[in-house]
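Let the sequences and hints guide you as you build the complete structure.
Protein chains in written order, with the working numbering: chain A, 1 to 499; chain B, 500 to 611; chain C, 612 to 762.
Among the clues, some could well be false.
[Stated by the list, open to error] Okay, derived cross-link-like pairs now, DSSO-like style, lysine-lysine, Cα gap no bigger than 27 angstroms in a straight line:
#  : chain 1 : residue 1 : chain 2 : residue 2
1  : A       : LYS163    : B       : LYS608
2  : B       : LYS520    : A       : LYS163
3  : C       : LYS672    : A       : LYS25
4  : A       : LYS426    : A       : LYS365
5  : A       : LYS441    : A       : LYS365
6  : C       : LYS678    : A       : LYS25
7  : A       : LYS365    : A       : LYS429
8  : C       : LYS624    : C       : LYS678
9  : A       : LYS439    : A       : LYS426
10 : A       : LYS492    : A       : LYS201
11 : A       : LYS444    : A       : LYS426
12 : A       : LYS439    : A       : LYS365
13 : A       : LYS439    : B       : LYS608
14 : A       : LYS435    : A       : LYS365
15 : C       : LYS624    : C       : LYS672
16 : A       : LYS426    : A       : LYS441
17 : A       : LYS2      : A       : LYS438
18 : B       : LYS608    : A       : LYS426
19 : A       : LYS426    : A       : LYS438
20 : A       : LYS438    : A       : LYS365
21 : A       : LYS163    : B       : LYS525
Hints are computed from structural coordinates only; laboratory data are not their basis.
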Amino acid sequence: MKENLIPIFVILPLAGAFLISLLGKRIRGFSDIFSNIIAFLLLALSVYSVFVVNSVGVMVYKVGMWSPPIGISLVLDSLSSFMLVTINLIAFLIMAYAANYMEGYTAKWKFYVLFLLMLTGMEGVIITGDMFNLFVFLEMASVASYALVAYGTEAEELEASFKYLIMSSLGSLFILLGIAFIYGYTSTLNMADIANVLLQKGPGNIVLFVSVLFIMGFGLKAALVPFHAWLPDAHPAAPAPVSAMLSGVLIKALGVYALVRIFYSVIGSSPGILFVLMFLGAISMVVGVFLAIGQWDMKRLLAYHSISQIGYIFLGIGLGTPLGILGGLFHLFNHSVFKSLLFLNAGAVEYSTGTRDLREMGGLKERMPVTAGTSLIASMSIAGIPPFNGFWSKLIIILAAVQAGHPIYAAFAVIASILTLASFAKVQKYAFFGKLNKKFKDIKEVPVFMRGSMILLAAICIISGILVIPALSRFFLGPATDVLVNGTDYAKTVFGAIR
Amino acid sequence: MGVYILCLVLFSVGLYCMLRKRNIIKIIIGLIIAEYAVNLFIVLLGYRMEGRAPIYAANQEILNMVDPLPQALVLTSIVIGLAITALVVGIAMRIYERYGTFDITRINKLKG
Amino acid sequence: MNKEPKGMTLIVKTAARLTAGVILMYGIYIISHGHVSPGGGFAGGVIITLAFVLVILAFGKEFSMRKVSASIASSFESFGAIMFLAIALAGFLGGYFFLNFFINKGVPFTLFSAGIIPLCNIAISLKVGAGLFAVFAVLVMLKFTNGKDKG
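Following this line, the structure appears as structure tokens:
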């Protein structure tokens, strides 16, 4: 009964959230310890799930013993376990960081409740095999994230949260409309069954219309360029752990993963869809980095870079070749690690100095060596300096673009990478190098848990380049890539796995 | 076909209200209208000519029943909509507290 | 008038006093018959909330909030959620999450039938009723202060 593993991913954070909301305000310190234990358990389980999926193959869980075309099914395949590891790794480290960082806010347990609800939503999106269930979990994660952005209830945060809420709800409406059309066309909501019916019925105009709706909806959640306006406001406004979570994994779980799963496994990737994904990815890449380079607010600059890096992921996955998909997924993992690390660094600087403006900082290297060191590693990672992980994934994406016959996109990727390097050189110069500002003579390094999680993330930045070595890639990245390469064989695999 | 077009009109009204109005409360109302247009569309998808409500009752043979699944979906989507509405109204009240206005052209502490 | 009148007029108060209990009972009826007739946990929970909201509207928030506060409602909400999750987890007794684990599901169309569904309805009604009441209470009680506490 290895299938019983699957629902645990939803049960554990959900139970944690409600237990904390019941007991958190009564017992001191309960919320810190309990939520960290839950995050650690989730991380351990998701690493275990990688091994299970590698040995057993795709697993399908029938909720309430109803067989899939009728009941809700949960599906765990290699792509899901890859995403679960990414999310839970980041979530665990951010949770440890938040134990210190959130001291300044009242009612810390409310933060943990919302955080765990957001985690539940993301994991649900990843393991579900049902279209409407995906929508429900997506909304759950979104609603929790709206509340988290507005957590401090300062003027800017409320404004950002309102903007984010309106835009993102509009995206959800498009997704719901798409699901309605697809239900009208195929009379089923199970993702594997939809894929089967669509294969039999062949592509129609409805499918094209649904594709457009999904690109708009999930594109809004993933902040692709024509739909990106909410991200530079919403991500910097939140407290640092929340920004790291939103930028690091939320846009990937709700946007990239859902879009890729639907377009590759359910609807089936046609050249037109791939062209749109690639084109939007390339545009995001360049526009994001151009907008980022002129920013002086540290977190806002990072938020614009998120748009740019999401562009890389979409370019890689949109190429449709095995190498491109491998590069895209690898960059997804790497971006989760270094972008959350950069946001945590920005949070640490804000925690100690109280400012996010790059022009007011300077010479922080002397007073905050850990933050400066980890930030240097993360900056080099995101800019693609050789030994770090960002280099390898960008290299694979560029090579794949050339190999697939799109040298122009490859050139765009190189240009965006150079501009990324320039803008992070600026961050390093103004924030950490140079002369120490008089104001900041007595600042201290951040507390121990914040330091610990930043160091761990930096270590992952250094070593995770080895994941692409064939011996290791066979376990982790390779199977996840195969899921996407096999496309609509998803349906056959899922129905084959039902016992 | 006509009812579907009316749904589209309702959705467009909501969208216009969200994008064009300057008052926060009106934007929220627009969001709700658009949401209900989508819900209405889903319910209409499950309709069958001369169908009756999908309620299973004792001593009754039901021959022609409308599709019950969209109704379950709409119930879920209404609950989600309720959560979003409650949250956005709370945020709007807080915004009024901070800025003293509901006019979005005057709520502009953020640059972009 | 020697003191500030709280709430609405005597007519409204009397009417509310008479009807609030009936509304509450109707909500409980809807919940308990959720599995045999239209309605269920969500609708019943909303109706129960409306009984409380009626009391707040008629008697004023200062009077009513002494009896039921938002934090109590929030505790009930969490309790409802945990109860629902516990029912779902109890399905593991039969090997599956959310399994309707009662062997003997009773006679259809009677009050005691349908296995876990009435229990789920009760949990949902607690969650929805308390949650909606908490939202209402928070919005009513929201004072325009500069505190950092989230509403």
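Straight-line Cα separation of LYS439 of chain A and LYS365 of chain A no greater than 27 angstroms? holds, 15 angstroms
Are LYS365 of chain A and LYS429 of chain A close enough, with their CA atoms no more than 27 angstroms apart? holds, 10 angstroms
Starting from LYS426 of chain A, check that the Cα of LYS365 of chain A is at most 27 angstroms away, please. holds, 15 angstroms
Is the hinted pair LYS441 of chain A and LYS365 of chain A satisfied, with a Cα-Cα distance of at most 27 angstroms? holds, 12 angstroms
For the pair supplied as a hint, LYS444 of chain A and LYS426 of chain A, confirm whether the alpha-carbon distance does not exceed 27 angstroms. Holds, at roughly 23 angstroms.
Hinted pair LYS439 of chain A and LYS426 of chain A, Cα distance within 27 angstroms: holds, 21 angstroms
Hint consistency between LYS163 of chain A and LYS608 of chain B [alpha-carbon to alpha-carbon, up to 27 angstroms]: OK: LYS163 of chain A and LYS608 of chain B at ~12 angstroms, within 27 angstroms.
Pair hint LYS520 of chain B and LYS163 of chain A, alpha-carbon separation not exceeding 27 angstroms: Roughly 14 angstroms separates the two Cα atoms, so the pair holds.
Decide if the proposed pair is consistent with the structure: LYS624 of chain C and LYS678 of chain C, CA atoms, cutoff 27 angstroms inclusive. Distance of about 17 angstroms is within 27 angstroms: holds.
Between LYS2 of chain A and LYS438 of chain A, does the CA-CA distance stay at or below 27 angstroms? With Cα atoms ~60 angstroms apart, LYS2 of chain A and LYS438 of chain A exceed 27 angstroms; violated.
Can you confirm whether the C-alpha distance between LYS435 of chain A and LYS365 of chain A stays at or below 27 angstroms? holds, 9 angstroms
Are LYS492 of chain A and LYS201 of chain A close enough, with their CA atoms no more than 27 angstroms apart? holds, 16 angstroms
Of the hints listed earlier, the one the structure fails to meet is number 17.
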